[in-house]
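*Asks:* The listed protein sequences correspond, in order, to chains X and D.
In terms of our numbering, the first sequence has 390 at position 390, counting the first letter as 1, and numbering is strictly consecutive.
In terms of our numbering, the second sequence has 56 at position 56, counting the first letter as 1, and numbering is strictly consecutive.
Please note: incorrect hints may appear among the correct ones.
Said to hold, decoys possible - Simulated restraints on C-beta separations:
| hint | chain 1 | residue 1 | chain 2 | residue 2 | range |
| --- | --- | --- | --- | --- | --- |
| 1 | X | G298 | D | R31 | 15 to 25 Å |
| 2 | X | G185 | D | E84 | 21 to 31 Å |
| 3 | D | Q60 | X | K271 | 17 to 27 Å |
Stated by the list, open to error - Derived EDC-like pairs (lysine to aspartate or glutamate); straight-line CA-CA distance at most 16 Å:
| hint | chain 1 | residue 1 | chain 2 | residue 2 |
| --- | --- | --- | --- | --- |
| 4 | X | K279 | D | E76 |
| 5 | X | K320 | X | D109 |
| 6 | D | K30 | D | D58 |
| 7 | X | K384 | X | E6 |
| 8 | X | K373 | X | E17 |
| 9 | X | K279 | D | D22 |
| 10 | X | K279 | D | E27 |
| 11 | X | K373 | X | D297 |
| 12 | X | K320 | X | E6 |
| 13 | X | K384 | X | E374 |
| 14 | X | K135 | X | D109 |
| 15 | X | K320 | X | D237 |
| 16 | D | K55 | D | E25 |
| 17 | X | K279 | D | E74 |
| 18 | X | K320 | D | E74 |
Claimed, not checked - Here are some, though not all, of the chain D residues that point toward chain X, as calculated from beta-carbon distances under 8 Å:
| hint | residue |
| --- | --- |
| 19 | S10 |
| 20 | G32 |
| 21 | D35 |
| 22 | I37 |
| 23 | V40 |
| 24 | G41 |
| 25 | F66 |
By construction, these hints were calculated from the structure, which means they are not laboratory data.
Using N, Cα and C, we set each Cβ at its ideal position, and we do this for glycine too.
Listed below are the residues making up each chain.
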Amino acid sequence: MRLFIEVAWDSLAKHGEELCGDCVRVATTPQSFIVVLSDGLGSGVKANIMATLTAEIAASMFQRGASVEEVISTLVATLPECSVRKLAYATFAALLVERGRDAYLVEYDTPPLILIRGGQIWSLPRVEREVEGRKIHEAHFWLQEGDYLVMVSDGYVHAGVGGLYRLGWGWQNIAVSVRRWVQTGGDAHSLVRALSNTAMRLYDGKPGDDSTAVAMRVRRTVVATIWTGPPADREQDAQAVARLMKSRGIKVICGGTTAQIAARVLGQELKVDWVPPSKRGNTPSRARGTPPTARLDGVDLVTEGILTLGQTVSLLEQAKTVHDLPPGEDAASRLARILLSADEIHFLVGTAINPNQVADVIRGESMRMLYVKELARQLEQRNKSVTLERI
Amino acid sequence: MITVTICVGSSCSVRGSDEFADALEREIEKRGLGDRIRLVGAFCMEQCSKGISVKVDDQQYREVHFLEAASFFEREILPRLNREESS
């Protein structure tokens, strides 16, 4: 079973500042996951530049396999010195995970990572050591399914200082809040939103410091396979159906003809969930102009092709995460929900040209392929692993 | 019972199969024939190029225009109903 690390973060800029002096960088490959949170000295533009440089350098160097010594000596040599404080300084915390399990944590002057496992706050065995005259803390550990991890910048620890909390929210209190929240079983996006809202309230809407939280949840990888379009060669029909049916995870067919091929090969009757216009009411799920879905046993979603794909592209342009999607049970909303919930998405794209719709071919690419490519691009921007195969 | 199958796939959707179905349904309701005619949707009937694909029982019609629902009903569905009644 493969594990996936869901990650979400949010930054609050110090009141009156346009830029946040904290920076988060995430670098993922199918094999590794890296997140870096950096807090630049001070606030505003200078802090923002320091933090961005630090996070960017650390994330890209760790991704290329650099050691923490190499990263720190590069940072020391690169960061511009603050003219007021005569210091080149940005804190950082980095978490590196190999194959979804094998975790390495390094912290330099940041609040410790919060780990909630089995409903408890876990204290990681950290080892302190000095690199280039700077004290760092390191930990090696194994991730487990159901773990929640949270990184915060010190703006969180100080939230509410002098107000609700005399000494600020404090690490321990934050950890307890996270532990309580985790019982809801929510995802990383909801967790980070909850933390961010609380910090904002503690600061009475005016953060006294740049405040950033990075939330992570370790869960099983969600895989989705989307087959759209008949294969170029009819002989390949049965094989395409077999590919979809044997795939792991969520199975989707987009396309009327594609669905009929699947029905024929599977020996099933394709049932279209079409509701006469008068019985639809005015619910958005049955809005006019949204082609209906159909049903095939063993396939999670069967939709019409090109119109649904086009509408899904528009939905993804407006929604960053699955939480931003408008509610709706129409084909495009359901497809968008699947795409945004999945971590690995495989597109099987048939390249047969419908002789009735030759006008659809634009510079050698079908409309279908253009939409699929746009979907793939959108999903990759969200750190999802996407493959596209022409059949 | 007569089954009218209307394609609601890509091409036919764009050509107005939904409006066609809507108008057809109004004809059925106007005459109170809801229990004798069933409207169902279908995906592509591989006749995309001309007009909306419609099937009345097993007979396939092509080049149906979405504005001709009322006349289609008079021409193709009513006679069939009358035949059904007399047999």
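*Asks:* It remains to establish, for every hint, whether it holds in the given structure.
*Replies:* Here is what the structure says about each hint:
Between G298(X) and R31(D) the CB atoms are about 41 Å apart, so this pair departs from the stated range of 15 to 25 Å. Between G185(X) and E84(D) the CB atoms are about 57 Å apart, so this pair departs from the stated range of 21 to 31 Å. Between Q60(D) and K271(X) the C-beta distance comes to about 19 Å, which sits within the given range of 17 to 27 Å. Restraint check: the Cα-Cα separation between K279(X) and E76(D) comes to about 24 Å, which exceeds 16 Å; the hinted pair is violated.
For the suggested pair K320(X) and D109(X), the alpha carbons sit about 32 Å apart, so the restraint of at most 16 Å is broken. At most 16 Å may separate the alpha-carbon atoms for a hinted pair to count; K30(D) and D58(D) exceed this at roughly 25 Å. At most 16 Å may separate the alpha-carbon atoms for a hinted pair to count; K384(X) and E6(X) meet this at roughly 10 Å. A threshold of 16 Å between alpha carbons decides the hint, and for K373(X) with E17(X) the separation of about 38 Å lies outside it, so the pair is violated.
Distance restraint check for K279(X) and D22(D): the Cα-Cα separation of roughly 10 Å lies within the 16 Å cut-off, and the hinted pair is therefore satisfied. The suggested pairing of K279(X) with E27(D) holds, with an alpha-carbon distance near 15 Å, which does not exceed 16 Å. Between K373(X) and D297(X) the CA atoms are separated by roughly 28 Å; this puts the pair beyond 16 Å, and the hint is violated. Of the supplied pair hints, the one linking K320(X) and E6(X) holds, its CA atoms being roughly 14 Å apart against a limit of 16 Å.
Using a Cα cut-off of 16 Å, the hinted pair K384(X) and E374(X) holds, with the two alpha carbons roughly 14 Å apart. Distance restraint check for K135(X) and D109(X): the Cα-Cα separation of roughly 8 Å lies within the 16 Å cut-off, and the hinted pair is therefore satisfied. Annotation: proposed proximity of K320(X) to D237(X) is violated, straight-line Cα distance about 35 Å (limit 16 Å). Of the supplied pair hints, the one linking K55(D) and E25(D) holds, its CA atoms being roughly 15 Å apart against a limit of 16 Å.
Straight-line distance between C-alpha atoms of K279(X) and E74(D) comes to about 23 Å, which puts the hinted pair past the 16 Å bound. Among the hinted pairs, K320(X) with E74(D) is inconsistent with the structure: their alpha-carbon atoms are about 50 Å apart, more than 16 Å. This hint holds: S10(D) has a C-beta 5 Å from the nearest C-beta of chain X, less than the 8 Å allowed. Because the beta carbon of G32(D) sits about 14 Å from the nearest beta carbon in chain X, more than 8 Å, this interface hint is broken.
Restraint check, D35(D) versus chain X: the minimum CB separation of about 14 Å is more than 8 Å; hint violated. Restraint check, I37(D) versus chain X: the minimum CB separation of about 11 Å is more than 8 Å; hint violated. Restraint check, V40(D) versus chain X: the minimum CB separation of about 7 Å is within 8 Å; hint holds. Taken as an interface hint, G41(D) checks out: its beta carbon lies about 2 Å from the nearest beta carbon of chain X, inside 8 Å.
For F66(D), the interface hint is violated, the least distance from its beta-carbon to any beta-carbon of chain X being 12 Å, above 8 Å.
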